[in-house]
Amino acid sequence: MTGLLVCVAVLAAASTYGVLHKRRSGRVRVRGRDDGKRLGADRLGGELGELGERATLVQFSSAFCAPCRATRRVLGEVAGMVPGVTHIEIDAEAHLDLVRELDILKTPTVLVLDADGHIVRRATGQPRKADVLAALGEAV
5 MTGLLVCVAV LAAASTYGVL HKRRSGRVRV RGRDDGKRLG ADRLGGELGE LGERATLVQF
65 SSAFCAPCRA TRRVLGEVAG MVPGVTHIEI DAEAHLDLVR ELDILKTPTV LVLDADGHIV
125 RRATGQPRKA DVLAALGEAV
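Residue 5 is where the sequence shown starts when you use the working numbering, and the numbers rise one by one after that.
It cannot be assumed that every hint is accurate.
Stated by the list, open to error - Okay, derived cross-link-like pairs now, DSBU-like style, lysine-lysine, Cα gap no bigger than 35 Å in a straight line:
no.	residue 1	residue 2
1	K133	K41
2	K41	K110
3	K133	K110
Honestly, the hints are just simulated from the structure, not real lab data.
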């Protein structure tokens, strides 16, 4: 009987964690720690590209990340739909100093920058197209 109770408790805890993780993953939100942080073309590295006229979508990804490919596709579509918006993909492993400075803990992580390079929104996990468009509405 005790084994059954332990099993039920473990299943309930795992289910709760799974539901909470699913709800948080991919949500575009504002973090207080991003206030005032600015990323210019010099900080992103000239080889990565220039900032967009109106906004920039910066994606941190890694080679083994499966959701990064889908995120790349979604952000590319959004950048193609909205004039003045560019998409820059950064290999997290090759830019560890930037990853540590910006507190990137998981790939994919997407930063939405305004025209001046200030971080407006952040998404950890694969964001939905509608969420990215809504975040761009605030950045533009």
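Do the hints match the structure? See the list:
no., hint, in the structure
1, K133 to K41, "holds (24 Å)"
2, K41 to K110, "holds (19 Å)"
3, K133 to K110, "holds (19 Å)"
Checked against the numbered hints given earlier, the structure satisfies every one of them.
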